[in-house]
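Can you build the whole structure from these sequences, using the hints too?
Note that the protein sequences, when read in sequence, are chains C and A.
Counting with the numbering used here, you get residues 1 to 351 for the letters of the first sequence.
Counting with the numbering used here, you get residues 1001 to 1234 for the letters of the second sequence.
These aren't lab readings, by the way, just hints derived from the structure by calculation.
Glycine residues also receive a C-beta, built at the ideal position from the N, C-alpha and C atoms.
Simulated restraints, written as ranges between beta carbons of each label pair: (1) C:340 <-> A:1070: 48 to 58 Å; (2) A:1070 <-> C:202: 47 to 57 Å; (3) A:1131 <-> C:205: 26 to 36 Å; (4) C:40 <-> A:1014: 55 to 65 Å; (5) C:10 <-> A:1134: 33 to 43 Å; (6) A:1131 <-> C:213: 18 to 28 Å; (7) A:1118 <-> C:213: 30 to 40 Å; (8) A:1131 <-> C:202: 29 to 39 Å; (9) A:1016 <-> C:124: 44 to 54 Å; (10) C:124 <-> A:1107: 29 to 39 Å; (11) C:216 <-> A:1107: 18 to 28 Å; (12) C:216 <-> A:1022: 46 to 56 Å.
To spell it out: a stretch of chain C is covered by chain A in this simulated footprint if at least three of its residues, at any positions, have a beta carbon under 8 Å from a beta carbon of chain A; those stretches are: (13) 230-238; (14) 241-251.
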Amino acid sequence: MRTILGLLRLFFSFGKWLYSTSAFTLVVALLLIVVGVALYASQGNMATFSITILSGLLRAMLLFLVAAGLSIIFGLMDILNFAQGAYFMLGAYVAYDFQHSNMGVLRMGDSIPDPNLRFVVGVLLAIIVGLVLGFVLERVLLRPLYERPLFQLVLTFGVSIVMLEFIKGVWGTTPNSWTAKLALQDAQFELFGQPFSMYRLFIILAGFIMIFAVALLLRRTRIGIIIRAGVEDDEMVNALGINVRAVFTLVFALGCMLASLGGAVAAPFLGATPSMGATFLLAAIAVIVLGGLGSYEGTAIASFIVGLAWATMEQFSLFTNIGTVLSSTTPMLLLAFILLLRPNGLFGEAR
Amino acid sequence: MANLLELRNVHTFIGQFHILEGVNVSVQHGQITVLLGRNGAGKTTTLKSIMGITPPKTGEILFEGSPIHGKTSFAVARLGIGYVPEHRAIFKQLSVRENLEIAARERGDLDRSLDFIFDLFPDLKRLYHLPGGNLSGGQQQMLAIARALVPNNRLLLIDEPSEGLAPVLIEQVMEAIKRLSSEKTVLLVEQNFRVASKLADSYVIIDEGQSVASGSMADLSKDQALINKYLGVA
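Set out below in structure tokens:
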């Protein structure tokens, strides 16, 4: 308890400085604090430290895949898509189901004997499911409600519950762990004497590639310019002769697709569980608010901060014996602290 | 020749409020037509009704003889109508280049129009890669007008371009509008009667949501009684 109070005091003593400093310095400071706590929590054991950092990076990438869609959809359409977590979960279940022929509903796994190739197809399947269901949700259910934002909020929340119950009905309520190992999971590399599955490295690399791919899409393509302009003033974009509603549908479907992709690639180590959607949704909401609503760079950077802090606190709670409560509340605690100091998040502008 | 744009007895509601209560406007090819009237008379709503942003409830809006009321605003824009809203609604996070690029409707629109735009607003060439939010008020107004010049628009709707600008900048913007009117038809909203009278060929006065007078600008300038009645002390 004293350690926590000490940390709190440390944090608030920086408060005034944090309030006035630039977002960049703040990001560096936060990362230093997180890495410092991670070092402390691993008690100088570099193997433990590397586990913490790697699982933090991993979590950051998965968080990014959920939060990116959430952030861009909110920026452009002012919809907080509560179903984003359900799409993440659905992606995991689809990939899981396709991989394991003895389980689930598809039982198509045997059609592709090679588990690695099967996984690739499973991920593609999850992407398609996310894209199609995202399209349907925006086009059929959300489109009639643009004049009533509150209804949209309730609707996406309702859809997430329906999807959760659907998943429980089809796949059961017990968590499924991944048993069909991939070649990448068996392959290992060593860091400070600690062996790691290559699959983790692959996810981290793939996450970085997605961050840059989405950034390129937003910065360099016409659709990206339209999205960024639409975040500022969609009525004006419309008046320039661009069908903004069609762009809304596309962006919404792409956002849901990113979440499904995240769930599918997370499944080999997280498995497929009915609680994963809510867990990641909550953390992703913390990410987008922390990064500053509507800011893509903010979302990407906040994913790292929250992901690393989350994993660090998990490690911290292991060695302080205070249970996992600290780790699961970390994203929200971090969010509360930052919002006290910077009400618009790290990179957000006053709305 | 028929009028390029024609509004017949347009009524528009915003929420429950009856904003336009019968507006008639005719815009002739190649002319600058100005909408005059006091604050809150319904000038901006008239432009928004044309653009389909606040669609009229009853009445007709004809562009080149065919009805455009009831169309969505992107469909109206694609017919060749450029909208320059009040308050210089440029995209502040986008660079000047991106602000122009987004307005292109067909491949090559930007390349074709860029020389004309830089000729009209030399400042924009220097600021081409800066974010729109870094521009001064006058430069933002020029960018907003330039943006409407990128596609091959036949009609420009320009809302209060002089609002909040220093006198020397007003001159510059008005000069640009005068020059571009040799190629485009313009429907202008302008509070400043002196500025409008130098620029426009014809006028429509809107008062309390109704068009109450119209004609050639030259006639209006002589009619001090009409000016006093609807345009106040100006």
